Amino acid sequence: MQRRNMMKWLISLPPMLFLLVFFAAPSLIMIVTSFRYPGEFSGLAPLSASDIVSGAPSDLYGLTLETYQFFFSDTLYAEIFLKSFAVATASTLICLLLAYPLALLIARSDKRHRNLMILLVILPFASNFLIRIYAWMIILGPESALNHAVNSLLALMGLPPVMLLFSPFAVLVGMVYVHLPFMILPLYTNLEKHDPVLLDAAQDLGANRWQRFWRVTWPQSLPGVFSGTALVFIPVLGMFAVPDILGGTSDILIGNLIKDQFLGTRDWPFGSTLSIMLMLAVIVTAGLAAWLARPRAAASSTST
Amino acid sequence: MNRSIILYGLIWLLLGLLAGCSQQPAADSNQISRADGVLRLFNWNNYINPKTLRRFEQQCRCQVTQDYYSDNEELLAKLAAGATGYDLLVPTGNAMDTLIRQGALRPLDKTLLPNLKNINESYLNTAFDPGNQYSVPYATTITLIGFNREKMQELDLPTDSWALIFEPIHLQKIRGRVTVLDSQRELMAAALSYLGYSVNDTDPSHWQQAKELIIRAKPYWAAFNNTSYIRELAVGNLWVAHGYSNDMFQAAQDARNSGRSFMVDFVIPREGATLSLDSMVLHHSGRRPDIAHQFINFMLEGENSAELTNLIGSGNPNRAAKEYIRADISSNPVIFPDTAELARLEMLKELDHKQRRLLSRTWTEVKLR
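If you read the sequences in order, they're chains L and D. Residue 1 is where the first sequence starts when you use UniProt numbering, and the numbers rise one by one after that. Residue 1 is where the second sequence starts when you use UniProt numbering, and the numbers rise one by one after that.
Since the hints were made in silico from the structure, they are not lab data. Remember, predicted model here, so these are calculated numbers, not experimental data. The reader is advised that the hints may include incorrect statements.
[Said to hold, decoys possible] Selected chain D positions facing chain L (in silico; Cβ < 7 Å):
| id | residue |
| --- | --- |
| 1 | 59 |
| 2 | 355 |
| 3 | 357 |
[As the list claims (entries may be wrong)] What follows is a set of in silico ranges between Cβ atoms, one per label pair, in the way DEER data are often shown:
| id | chain 1 | residue 1 | chain 2 | residue 2 | range |
| --- | --- | --- | --- | --- | --- |
| 4 | D | 154 | L | 27 | 56 to 64 Å |
| 5 | D | 107 | L | 279 | 38 to 46 Å |
| 6 | D | 368 | L | 287 | 26 to 34 Å |
| 7 | D | 54 | L | 139 | 34 to 42 Å |
[Unchecked claim] In the DSS-like style, the derived pairs of lysine-lysine whose C-alpha atoms are separated by at most 27 Å in a straight line are:
| id | chain 1 | residue 1 | chain 2 | residue 2 |
| --- | --- | --- | --- | --- |
| 8 | L | 83 | D | 218 |
| 9 | L | 259 | D | 349 |
| 10 | D | 211 | D | 349 |
| 11 | D | 322 | D | 51 |
Every residue, glycine too, gets a C-beta built ideally from N, C-alpha and C.
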């Protein structure tokens with residue numbers, strides 16, 4: 001028994017070390033960075049020289065709350081956070097709506113075809129992510145067939161023409177397109193495990209199609225829904241490439257802002273502060289979601 | 001069995017995303033071990049003629065490797081994050097200023113650079129590097145307005161003023177067909193020029209005015225864009241773009257070569273614009289300053305310098321290059337501005353960290369509203 005425990009530790013040691021070195025340590029560095037002063041030209045001010053840079057005499061070891069004060073000094077940054085959360089929520093919901101029927105279809109189809117179908121879901125990832133996003137520029141572009149079709153339809157209804165590319169719509173399309181497989185795969189792994197006997201039993205007890213889905217399949221698939229949601233929501237929140245390429249003049253998201261602090265403004269402390277606020281916001285949201293999901297899960301477990 | 005396939009799938013997806021997001025050049029590590037006879041260049045994309053490069057490699061019996069950046073801020077950010085081993089960089093004036101003050105550059109040995117005499121004096125002795133201790137001018141670009149000439153004539157729009165991208169009266173005719181640079185400094189510089197201030201003005205109230213000007217014009221712009229405007233102008237999707245003279249040159253060439261029914265043209269706005277002087281400098285972490293000096297002297301030869309201009313239409317500070325430059329380029333008053341025109345151009349100066357943070361905040365507001 002003891003040897004078995006030893007083995008467990010030995011096996012989990014490498015990934016734990018990996019996380020310690022490449023996740024915990026950088027996070028700590030980031031937290032410290034967020035309390036430092038920016039350097040005159042880039043990076044960080046030397047610890048000893050903080051008085052020279054800031055002119056404030058009473059700093060403790062060159063640490064400061066300056067960047068946090070700046071963050072909370074007006075509502076601008078809060079607005080960007082809210083907007084990013086709205087985009088992430090919308091992308092996640094659309095992904096879920098699109099992925100669920102497909103995952104269900106794959107899970108309920110003949111075993112021989114499932115692997116092929118899953119392969120097809122993954123296949124787009126054989127080409128580079130940026131190339132696929134650039135392809136959307138052509139699909140949505142002002143001279144594209146799609147844009148012409150949409151605009152002639154709008155003209156029939158007497159509405160003014162729209163520009164698909166460089167719009168919030170294009171950003172949403174890009175986000176959903178990139179992250180859809182991340183929703184499909186966990187849903188599929190979950191749905192595939194469902195025992196079809198349960199559905200038969202429900203039918204025998206007089207449940208109609210809708211009741212069978214809503215009271216049997218859906219509650220069972222919630223773990224898949226949650227992991228898919230996490231796999232989509234969190235990456236979308238930090239994504240900067242899609243709004244950069246497909247977005248218009250007002251489509252800045254929190255990811256762009258953080259990237260700008262490091263690559264554009266060379267303001268490491270503020271970039272770290274923004275990253276930490278984002279992490280906190282994600283943790284709070286996840287906690288809230290778990291809390292909201294709790295009674296539902298309890299209800300379904302008592303009913304079975 | 002099924003599960004393992006899914007797992008593989010997920011791993012693939014993650015790898016794909018990571019690969020898509022990483023912009024770090026992969027060539028970093030494997031070059032350092034073979035430092036012998038290798039010149040490592042950290043350069044702008046497409047900023048040297050491959051022909052020239054091959055000739056240099058033959059002449060010095062060495063190898064030249066290049067990594068690329070597309071923005072000065074990217075260069076500085078990567079160096080600040082610890083990128084090392086580069087012999088030669090090609091920063092613009094304000095970025096060079098930062099590098100000099102950081103002590104990141106190696107002084108030049110001018111006895112190894114006899115061809116320095118070819119450089120036009122008006123590009124020497126800049127405020128960034130008095131006496132050219134560290135830098136040798138390489139090429140220039142001007143930030144200006146490029147446009148579809150036929151469309152502008154058809155809509156009767158003025159092309160020689162920043163009003164074209166800032167005034168709603170003009171913009172309403174070209175809504176959604178305009179892009180501006182996704183660069184805090186360049187767009188602010190354009191707005192400040194239009195308002196009659198210096199591009200280096202740092203008065204917060206003037207920045208406020210510039211911000212309001214930009215926010216007022218923004219609904220008419222299609223996007224902030226640094227690269228794809230070249231193609232979009234040449235194809236005809238865009239009619240007006242705020243961008244760099246060498247990019248506009250390329251767009252004009254592409255439009256002509258593919259036989260479009262319109263011409264892409266570019267002019268320097270009469271209110272003034274920014275001039276970027278890119279210079280060759282030695283990074284302190286470089287291992288082969290000897291080859292780097294050789295390279296600089298080689299690039300100062302008229303013929304070699306001219307090849308870059310012939311390729312991308314950049315301005316050329318080298319007097320000896322003039323005779324090798326294609327006539328249609330050397331006669332273009334925008335690429336080779338006369339002295340009166342040069343006087344209207346300003347080079348961007350570096351901001352301190354407080355100003356950078358304020359500018360970043362202003363920029364965020366511009367992007368959000």
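To see whether the hints hold, each was checked on the structure:
1. 59: violated (36 Å)
2. 355: violated (10 Å)
3. 357: holds (6 Å)
4. 154/D to 27/L: 56 to 64 Å: Roughly 57 Å apart at Cβ, these two residues keep to the hinted range, so it holds.
5. 107/D to 279/L: 38 to 46 Å: holds (44 Å)
6. 368/D to 287/L: 26 to 34 Å: With Cβ atoms ~27 Å apart, the hint holds.
7. 54/D to 139/L: 34 to 42 Å: holds (39 Å)
8. 83/L to 218/D: holds (19 Å)
9. 259/L to 349/D: The hint holds at about 23 Å.
10. 211/D to 349/D: With Cα atoms ~19 Å apart, residue 211/D and residue 349/D stay inside 27 Å; holds.
11. 322/D to 51/D: Satisfied, since the Cα-Cα distance of roughly 18 Å is no more than 27 Å.
Checked against the numbered hints above, the structure violates hints 1 and 2; every other hint is satisfied.
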